[in-house]
Each structure stands twice: as structure tokens, then as C-alpha cells.
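J.: The task is simple: from the sequences and hints, build the whole structure.
Number of protein chains: 2
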Amino acid sequence: MGQIEPIFWLVPAAAVLALLFAWYFFRSMMRADEGTPRMREIALYVRRGAMSYLRQQYKVVLIAFIVLAAFFSVLAYGLGVQNGWVPFAFLTGGFFSALAGFIGMRTATFASARTANAAQHSLNAGLKVAFRSGAVMGLVVVGLGLLDISIWYLVLNGLMEAPSPEQKMVMITTTMLTFGMGASTQALFARVGGGIYTKAADVGADLVGKVEAGIPEDDPRNPATIADNVGDNVGDVAGMGADLYESYCGSILATAALGASAFMGSGAMQFRAVIAPMIIAAVGILLSIIGIFLVRTKEGASMKQLLGSLNLGINVSAVLIAAATFLILWLLNLDNWALISCSVIVGLVVGIIIGKSTEYYTSHASKPTRRVSEAAKMGHATVIISGLGMGMISTAIPVIAVVLGITFSYLFASNFDFSNFSMGLYGIGIAAVGMLSTLGITLATDAYGPIADNAGGNAEMSGLDPEVRRRTDALDALGNTTAATGKGFAIGSAALTALALLASYIEEIKIGIERLVANGAEVIATLPKDVSDGIVSGTQSIHDATIADFMDWFSVNLMNYKVLVGVFIGSMLAFLFSGLTMNAVGRAAQRMVEEVRRQFRMIKGILEGTGTPDYARCVAISTKGAQVEMILPATLAILIPIITGIIFGVAGVMGLLVGGLGTGFVLAVFMANAGGAWDNAKKYIEEGNFGGKGSDAHKAAVTGDTVGDPFKDTSGPSLNILIKLMSMVSIVMAGLTVSFSLL
Amino acid sequence: MGQIEPIFWLVPAAAVLALLFAWYFFRSMMRADEGTPRMREIALYVRRGAMSYLRQQYKVVLIAFIVLAAFFSVLAYGLGVQNGWVPFAFLTGGFFSALAGFIGMRTATFASARTANAAQHSLNAGLKVAFRSGAVMGLVVVGLGLLDISIWYLVLNGLMEAPSPEQKMVMITTTMLTFGMGASTQALFARVGGGIYTKAADVGADLVGKVEAGIPEDDPRNPATIADNVGDNVGDVAGMGADLYESYCGSILATAALGASAFMGSGAMQFRAVIAPMIIAAVGILLSIIGIFLVRTKEGASMKQLLGSLNLGINVSAVLIAAATFLILWLLNLDNWALISCSVIVGLVVGIIIGKSTEYYTSHASKPTRRVSEAAKMGHATVIISGLGMGMISTAIPVIAVVLGITFSYLFASNFDFSNFSMGLYGIGIAAVGMLSTLGITLATDAYGPIADNAGGNAEMSGLDPEVRRRTDALDALGNTTAATGKGFAIGSAALTALALLASYIEEIKIGIERLVANGAEVIATLPKDVSDGIVSGTQSIHDATIADFMDWFSVNLMNYKVLVGVFIGSMLAFLFSGLTMNAVGRAAQRMVEEVRRQFRMIKGILEGTGTPDYARCVAISTKGAQVEMILPATLAILIPIITGIIFGVAGVMGLLVGGLGTGFVLAVFMANAGGAWDNAKKYIEEGNFGGKGSDAHKAAVTGDTVGDPFKDTSGPSLNILIKLMSMVSIVMAGLTVSFSLL
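Chains A and W are the protein sequences, given in the same order.
Using numbering that gives the first Met the number 0, you'd call the opening residue of the first sequence number 0 and step up by one each time.
Using numbering that gives the first Met the number 0, you'd call the opening residue of the second sequence number 0 and step up by one each time.
Watch out, some of these pointers could steer you wrong.
As the list makes no split between identical chains, a pair holds if one copy fits it or if it spans any two.
[Stated by the list, open to error] Pairs of lysine to aspartate or glutamate residues, derived as DMTMM-like cross-links and limited to a Cα-Cα distance of at most 25 angstroms, are as follows:
1) Lys127 to Asp472
2) Lys376 to Glu216
3) Lys376 to Glu211
4) Lys509 to Asp548
5) Lys209 to Glu373
6) Lys376 to Asp695
7) Lys623 to Glu373
8) Lys376 to Glu593
9) Lys603 to Glu40
10) Lys698 to Glu373
In case anyone wonders, no lab produced these hints; they're calculated from the structure.
In this text, all values refer to a predicted model and were calculated from it rather than measured experimentally.
T.: Take a look at the structure:
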């Protein structure tokens, strides 16, 4: 079989270990008591709702996958412009992503009542159940991700034929990269659909429940309450998981492809460069597991202490991986290992800076959110203006962090030789892998949030002792903070991953040209003139071509109108996509409002607590709304890169990706931070400031929070998917683009 | 003197003609009666307020100009990295722009009472006074713009020395381009300061007046009323005028520079290519004057008829200029004249499409705005969500229009030879000139709006017959529509102008390298290695270098991390700039609110109509607020391109410009359209829909309108300036950037 050195087996081993620990945490959670019959009943409603949503979503996803797999097959076997492995790789990427979402969400829905029940005993017991259930999600995502990568690596290594071992490595990595398309497509539906679902239910429940009927959050008399709790699971657990599954696999695969190209011609060194990101990820899994075991707290812990115990786990994992990276790359004996290790650390640091900046801008312990709070005193309009202004300003630090991250990871990996494009870009990929290496634990803290939130809902609806609700509220408040930083992390990692994907796009173009060359000279004539001239005259070999050559051949420079046109379209697509998802939430929420009003009118005694609301119907409405509403944005996200490629070629596509990435990243940060700030500005008022609950300022702050809901939980996170998916679509379509462009 | 062919004299002649007609319209407006003593008094208050603002602003601008001119002098005479003409050109650009703003605004403040008075006689009389006063602004802008261009052309042609006539032409045009920096800097202060002023006064007046005290708009009892009316003049007249003055001069100068480079080596043809944009602009002036005379209406005209009469003038001018272009370029005997004429028409068409799309999305006669209106039924949050979503979606058509505009103007001018970068980019410049060729009349319709608005305010405050107010309301409503399309036009022309400036940046870099070469080989060593190697070894001559060569030398391709970093910073800067201006409005409005509340408390009998409010103090507060608040965004807009150039070099700067342009353009369209839609959604409800005035839906719609105010009148329009100014700063700093970059 060739190129499998023993160290490679660490990768599947870590994957299996992650899954084993996930199983262990799942079993130990399941052994916990689910509480009173009422608690079980509520949990069952939510579980059923979540599963019915997932079933419905997977139906839509299945159709999309069949259509796309058929399309890829035609491209591969009919037109010969694509790798024959793509349809299969695409399907497994989608399957594993969906499986991770399924397991994570199912775990979460089993865990909420158990968390509430454990919170009857102690805060620590509650935290433990919730956090370890979140860890199931984290470990399943990284475990299945690395498992899929390992299997494909072994399969392709065994089956692929190539003129030389080094070319084989290039072919393996570029082929594997396309399985990310499956993960991307599934993530699109999970994130966008889940995001629309959760906010349609939330906004709908709040508008009629809190505002019109004046009943509290999570009140069982509100027919949309169960849908709202289901939403936390489908949006914040399954959606977030699919998003980060995609970033995780995408960054590792893109970096492997960049490594195969950068170390072309260096023999065994190439293999080491390819598996380096996988090994870093594998070791990251082990260290994440250690971090997870470190998370515990004592009874009566303050918010700060709770946050401290989560941060302890994350920070220990991060510091250990930073140290371990030097060891790994030294053991691998990779060229320039010390500086490349610094690129990994750059990625980790960028993640931390973005997280801290998110915390600063969205926590009501700091000035920006308090100012938004204060603006609520003047009314609805000023709280909105203030939140929008603050959100826009808050984009500066994350962008500067990413800019410094790109610069230093590039310069380190290229050994400060600016002209060494391939090594520099490999460094950017390595930084993305570094940032995501501790995903096992960071995702655990993310998934923990909605579990705690649901536990609170369960406690409320089951009428448990107020002390229990107080404890779950403490867990939930912690969850809000981790959710905000988790969002920042998701956006930052999406940006770096998208950059790595963008860089590896060139590799796919190379392969595409080779395929054309193999198909005969007639096809070559459709290439840009410089390229075809070079190939035909034999002065240019594709394999010897540098990245700079490719940029030159396809004129991927900023004076090429195709690049400029691409940038405009990319920027516009980010806004269009956000607008469509915003409006989708608006429309779906509207339907929910009408249904809740209808139930209040038609079902007697709901508000008096004597009638039972029809929860299932609200769940069904949100499910249907999400399915219908996600079609248009999803279709655009897939079609526009393809159409741009057909009309404007490689230069147009790269412009599109860069424009979409730049605008999409900044827009996503803006939306996430504005939404988080409005949320906490409201909480700050509810804590008794500026008039407290029920004051005019509070009403204005609720407006801000409601506007912020689709910002931070639908449109903002959906942009993470968009910027990665555009790159993935372009990568998979590289063969088509290179052989066919109109202008 | 050389290269002055007789046809050139058409340019200064048209400029003088524009100024003569402006004088004629001004005189005829001044002859009209200003009405009752009360009307004169109100007008005097507004005029004094506007002039005191302008005086204050010009003080700040003067300081900024002294600092910048000193800085440019150091660069030119101290470090030798800049053209020695720049400091002078910079100052005249600023002076003429400020003069145009001064004349336009002074005219507007003389015209409002006269419009109200004329409206006592008939609607047509009112329209005539208002529109012709607006035409003063339009004609002064184009007249002074072309005059400045003509004078500099003659001066430089007389004084500059160059090895060959063709190189001289390149030097003249690249030097002239830098006078745009003066216009840009002055526009920055006019647009940003004016934008903050007008919305601080408007939001402040509305929040206390309409919402708290329950008195109508423009009520003389509201102390902020005069400031509000002053705001219309400083923001919508002076700010808009400075914005378009910059676009007008910038597009003509950039196209001339691109023409000088594209037609290098073609003898007399080069001169023709350079003056072609000037001649098109000159003929556009004549045709605009014809259009202005066509605008008239009959008594009792409906909104549609009023709009029709304005559109008649604009459309006739546009059709005539389209036809005239073919004639001009044929007479000039320019190579490829027929296809280049098509590029002009492309520009005109893009302008029209953007205008129509703005009208569609912001008029309450069409669906999108009605949906925003309907969302107000559900409350404050939904009207905001709906407006934001709609605004984001509304970016698609303008972007597609610009994309098609870029594509076709490039392809036409390059005679469908994609690789002919310099001709293609010349075509994009020509399209920008085409779009702006009828500025004389389009700006007249823009400036007309605030005059009509102020006339309404004057009629209200002077207690004129309700019939008069009804007539001024009709004129004002028309003004709102023209203001919306005018905004779209301003954004679209800013985008095309910025593109032309971006393309001409390369020319400045060329000149910068030449200067370095002349200064000796030591300096050459600081250039990118490929460039310096080529120059030193004599294999590369700067003059023979194509645009593609430059892109290659500086690696201005999308895989260069400096370009990517630049794109991120550019995208972020657009958001940061908008966020700062949003917050500026919030803070300045807050101060206004406190002052108005204070006056209501301290000055007895204001609300009963027996006490006189202290209008001047409110004017002073808005003035001060605007001056203070514009410092940070203005400084960032100037400094960030310079810093990016110093750190990341030419590639970083070009990335910055493209990222800022892509994101800034889309963000500006989003903000303008969302703001316009909220404004008209409120008006639609006020017309009696969804509950009408005073209903909860109306309150929610007022929230939307208030949020939309800084969107459409401060942050959105300020982005027009940002995207052009960034290019201008980079152009002026080209010498520094090329000789000094860190990474």
C-alpha cells in the first residue's frame, strides 16, 4: 500500500477514542434519573419535536443529496470534467455530518430533564450532566470527522494509481477535499433550517406569549413553548455541530492538500506535511478529553466561578496542544517545524482573541452592552441604532485578529520568505487547524448551553422548586456567555477554514487542467491562451507550475474585471443570503404567531391553565416553515458560485470567494455581536437597571432582543456556512469552471 | 504650448456657461418675493444657522487642509516621493468643492421662503422656484468642476516638462488626478459632518417633539425645529453636492489618466482619449441646461405628473447625451469610437437601473415597502427585522447592474479583447463619466428636495394657509422620491468612480517608480525584487510595462496574503466607519434631546406658544456635535489607507480598496434602501393604512423611520465618500507606498 507510516494510525485511533468517550458520557448521562413523570413527559414532547424536525430535514437533505450526487456523477462519468470519487466522497461527508448531528441532538434531548433533575440535588450535579452531554456532541463531531478522513485516506491510498508517489499524494488529498462538500451541504440545511426554526419559534412564542398575553418565558400555557425548546436543540446543537464539523474537516483536508502541493518533490517530507494537520487534530482530541474531565464546580458557585471551571478545561487543553504541537512536528521531523508550530499557536491565539472580544462586546459587565442598555431609556429606535452602531464597531478587533493571524501564520510557515506562496498558504491552513484542534471541548461548552436552557424550560414547565430553576438559570446564564464566545469561535474558524479552502482551490484547478490535458488537445484550446500555449508547446508543466504561475495564467489579479465583478457578487451574496434568512424568520414567526393566537381563541381554558395547548401543531408549523424558507437561500448559495464560474471563469470564482469571505465574515461578526449585546442589554435591565422589568426601557430592550434573535441565531451563523460552502462548491466545480467559461 | 487642439476650448466654455446659467437662475430666484415678515424671519434663522454651521465646518476643514498640505509638501519637497504639484492641486480641489457647497447652500436657504411664497400663487410657481434653485447647485457643481479641470490642464500643459509629448500627457493627467484628493477631503467633512448634523437635529427634534411633547413636525414651539431645517440644507444640499462634485471630477480625471496610459504610443489619439471624458461632460452640461428648462407642471398636478415633469427633463438630457456621445467620439475620431460610445451608454443605463430599483424598493406604491408597513402591525421589532431583511435583499439588483456595467463597458472599450486591460479599464472610466454626464440636472432634482422640505417648514412655522402647506407637501413628497433615487445614483456613481480611481492607481504607482528610479539605484533596492531586478538590469522599462506586468511585479493576486489582508481590512473599515457615524448620530441626538427638554423646563410658556424657544442654541449644539463626532471617522478614513500602504505595500492597498469598495457599496445600498423603505412605510400608514396615524402600527413605523434616518442620511451616504476617499488617499500616497513597505 505504500505511504502509510505507523504514526498515521494515531489518527483513526484518536477518532475511535473520541467515539468511545462519547459513548461513555452518553451512557453515564442515560443512567441518571429523568425525574418526575411530568418532567419525562415534557422531555418526550421536546424529543419527539426535535426528531420529527430532524426526520423532515433529512428528507429534504436526502433529495438535495440525490440531485447533487447525480449531478456530480454526470460531471465525472458523463463529461469527464470531474474526479470519479467525488460522488461517493460527497455522500459520506454528508452522512457523517448528519450522523453527528443526530447523535448530538438526541443526546441533548435526553439530557435536559436529567439536568433539571440533577439540579434538584446540586449545582455541580446539574453542571456535570449538562456539560458531559454537551461533550458527547463535541467528541462525536471530532471523532466522526477524523474517522471519515482516516477511512478515505486508507481507501484512496489503497486504490488510487498515480505516476509517482508524490503525485499520488496530491491526488489523494485533492480528492478527499471534495468530501467536505457533503459536510458543507448538510451543514447548510442544518444551520439555515435550524436557525430559521429556532428563531421562528422563539420570536413567535415571545411576541404572543410575553408581549400580548403577558405570560412568562417557558410557560406551559404557551403553545409555542415546546417548539421554542425544540428550536434550541435543532439550531444551537445540531446546527452549530454541523457548522463546526464542516470547519473541522474542511481545515484539516485543505491543509493536507496545501501540504501535498507545498512539499511536492521532497519525498517523505510530503507525507509528513499531509498528515501533520491530522496528527495535530488527533492529539487535540486526547487533550480535549483531559480538559472535559477537568470541568467541575462546587455548590453555590458564582457565575465567575462557573465560567472559571469551563475556562479551566478549555485553557488547559489549549496550552497542552500548543506545547504538544512542537513535539509532534519535531517528532515528524517536518522541515521548519519550529516556525510551523508557531503558526498553530497563531491560530489558537486568534481564536482566543475573537472569543474575548465577543465576550467584551456582548457581556453586560462591560461598557458597550451597558451603553446599548442605556439607549433603551430613550426608546425603541435608539436601542436599535445603538446596537447596530456598536455591532458594526465591534467588527474591528476580530478582523484585526484574523489579519494578524493570516500575516504571521503565513510568514512563519514560509520562513519569512514572502514569495514562498505554497508554504505560506500551508501556514494559514495550519493556523486554522490549530484554532480547531481543541474543538472537542470548545464544542462541548457550546452544546452545553442549549441543554441547560432546556433544563430550565423543563424545570419551569414541570413546576419544580424555584431553587431548581435558580440553579438551572445559573447554568443557563453561563450557557449564554459560552454561546456568545462559541459564536465568535465558529465565525473565526469559518473564516480561516474558508481561506484554507480558497488556497486549496488552486490545487483543484491544477487537477482539472491535468484531466483536460489527458483528454486531448482540443479541450486544451478552451483554456486561457497563455496556459494552453504553454502546455501545447511543452514549455509549461502543470506540476512545475507555482501558485504565482496560476495567478498569472488566469489573471487572478485585482485589475481583471472578472475578479472585480466576482468580489461585488460575493459581497452582495453575503447580504442577500442574510436578508433572505432574516425575512424567512419574519415570515415563519408570523405563522407561529397566528397559530398561537388561534389556539388561545379556539382551545378553551389555555390561559387559565385548564386546557392543554396543541404543542405538536406549533412544532409542525416551525418545521414546515424552516423547510420551505431554506430552499431559496440554500439554492442561491450553491448555484451562484457555479454560475459565476461558468460565466467569469477561475478569476471570477476567486473574486467571488474573496468578496464573499471578506464581507461575509465582517457581516457575521456584526450580526452576532449586535444580537448578543441586545440580548444582554435586556438582561441587564431585567436585573433592575434603568427601570427594570416592565419599564419602558425594558420594552425597548425587548425590541432590541427580538431583532437580535435572527441576527445572532439565524442570519449571522448561516454566513459561516455560506463562506465555506461557496469555496466547497467552487472546489467541486473546479473541473467544470476550468473547461468552460463564457467571457 | 503644444497639445491644445481647438475642441478642448469647449470644456472651459461649457464650464463658464454652466456658471452663467447658475447665476441667471440665482438672480431670477432672488427677484421673487420672500413673503411676509414672519416668513423672512424664519428663513433668516435657517440661513444664519446654516451659515454658522458652514463657517464652523470650514474652520475644521481649513485646519485639516493645512495639516495635509504641509504633509504633502514634506513628501514632495522633503522626501521626494511625491509630485511637487500635489499640495497646490489638493488645495484648489478643496477650495472649489467648498465654494460649490457654499453657493448651493446659500441659494437653497434663500429659496425656501420664496418657494413657500410662490406656492401661495400656484403649484407650478412653487415648483419653478424650488427646482431652479436646485439647478443652481447642479450647475455650480459641474461648472466649477470642469473649470478647475480646465485651468489645471492649461497650467500643467504650459509649465510641465517631459521627455516626449506622450509622457507629458501621462504626467499631466496623473498630476491632475491628485486634485481630486482635495475634493474628496472636503467632501468627507461635508458629507459626514452634514450627515451627523442633519440627523442629530432630526432625531432629536422628533424624539422630544413628536413622541414626548406630542407636537407636530416643524412646529415653531419645538426649539430644534430650526436646527432640523438647517440640517436639510447642510446634509442634503451641501453634503450631497460635495459628494457628487467629487464623483464628477474623480471620474473625469481618472478616465483621462487611464486614457493617457491606454493610448500611449498612438500620438494625437492619446490627446483625444484624454479629453474625450471632458468633452462628454461639457456637452452633458449643455444638455442638462436644456433639460432644466423643460421642467414645469400645471396646477393641481398629481404626484405622478410632478414626477413625470422632472423625469422629462432628466430623460431628455440622458437620451440626448447618449446620441451626442456617438457624435463627439466620431468627431474626435477616436479609435473604436462606436464601441466606446456604447460604454458611455452602459454607464447611463446602469444609473437608470439603480435609480429605478431604488424607487421600487423604497416607494410605498410597490410591494417591498408595503410589506415593511404591514410588519409594523406586529410591533417595533418586526418592522425593524422586515426593513433590515428587505434592505439586504435590495442590494441584489444594483450590484448586478454594476456587474453588468463593468463587464460590458470593459468588453466594449477593449473591443472584446479581454487581455487589453488598459482599454477595458478606460471603458469602465468612460461608463462612470457617462453616468455622471447629466449631473447638472440630476443634482438639480436632488437639491430641489430639501428646498421644498424647507419651504414646507417655513409655511408651517409662518402659519400660512393650509392650501399652501398642501402644495409644499406635494412638492416635498416629490422631493422624497427624487431624494431616494438621487441616493441610489450617488452610490452607483461613487462605485464606478472608485473603480476608475482604483484602475488609475496603477498609473500613479508607475510615476512613483519612475521618480524612485530618477532618485538613484539605492531607492530602487526598496522595490519588490522582480521590479528592481528588471529596472537595474535594464530589461524592464516602466513605460513599456503593461498593467499585467504591474500586477505580476507586486503580486497583486488573490493568493497574496497581503491582498487578502487588505480585503479584510477594507470590508471591516466600511462597517467600522458606518458604526462610528451611527453612534455619532445617537450621541449628538442625545445632546439635542437634553437641550430641548431643558428648554421646555426652563423657558416658560414654550408649549403654550407664549415663550420663544432658543433656536440658536439647538443649532449650536448640532453644529458642535457634528464637528466633534466627525473627527474619528474622518481620521480613520484617511489614516487606514496610509498605514495599510506602509505595512502591506501596493498589494495590500489594492486589496483594501477592492474590499472596501465591494463591502462599502453593498452596505451603502442596504442602508439607503432600508432607510428609504422605513420612511415611506411610515408615510403609507399615515395615509390611513394598517390603522393610520396614532395607531400602534404607526408608533412601530416611527421607530423604523427613526432607525432609518442615520441609515439613509448619515452612514449610507458617508460610505460613498469612504470608497472614493480611500482610493484618493492611496493615489496621493502612491509614492510613499511604493518606496516604503514593511512586510
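J.: Each hint needs a verdict: does it hold in this structure or not?
T.: Hint check results:
1. Lys127 to Asp472: This pair counts as within: shortest intra-copy Cα distance 15 angstroms, inter-copy 66 angstroms.
2. Lys376 to Glu216: both (23 angstroms within a copy, 23 angstroms between copies)
3. Lys376 to Glu211: This pair counts as both: shortest intra-copy Cα distance 22 angstroms, inter-copy 13 angstroms.
4. Lys509 to Asp548: Cα proximity of Lys509 and Asp548: in one copy and across copies (11 angstroms, 23 angstroms).
5. Lys209 to Glu373: Both: 22 angstroms inside a chain and 21 angstroms across chains, each within 25 angstroms.
6. Lys376 to Asp695: both (7 angstroms within a copy, 19 angstroms between copies)
7. Lys623 to Glu373: between (39 angstroms within a copy, 23 angstroms between copies)
8. Lys376 to Glu593: This pair counts as between: shortest inter-copy Cα distance 13 angstroms, intra-copy 31 angstroms.
9. Lys603 to Glu40: within (22 angstroms within a copy, 65 angstroms between copies)
10. Lys698 to Glu373: Both, since 13 angstroms and 21 angstroms are each at most 25 angstroms.
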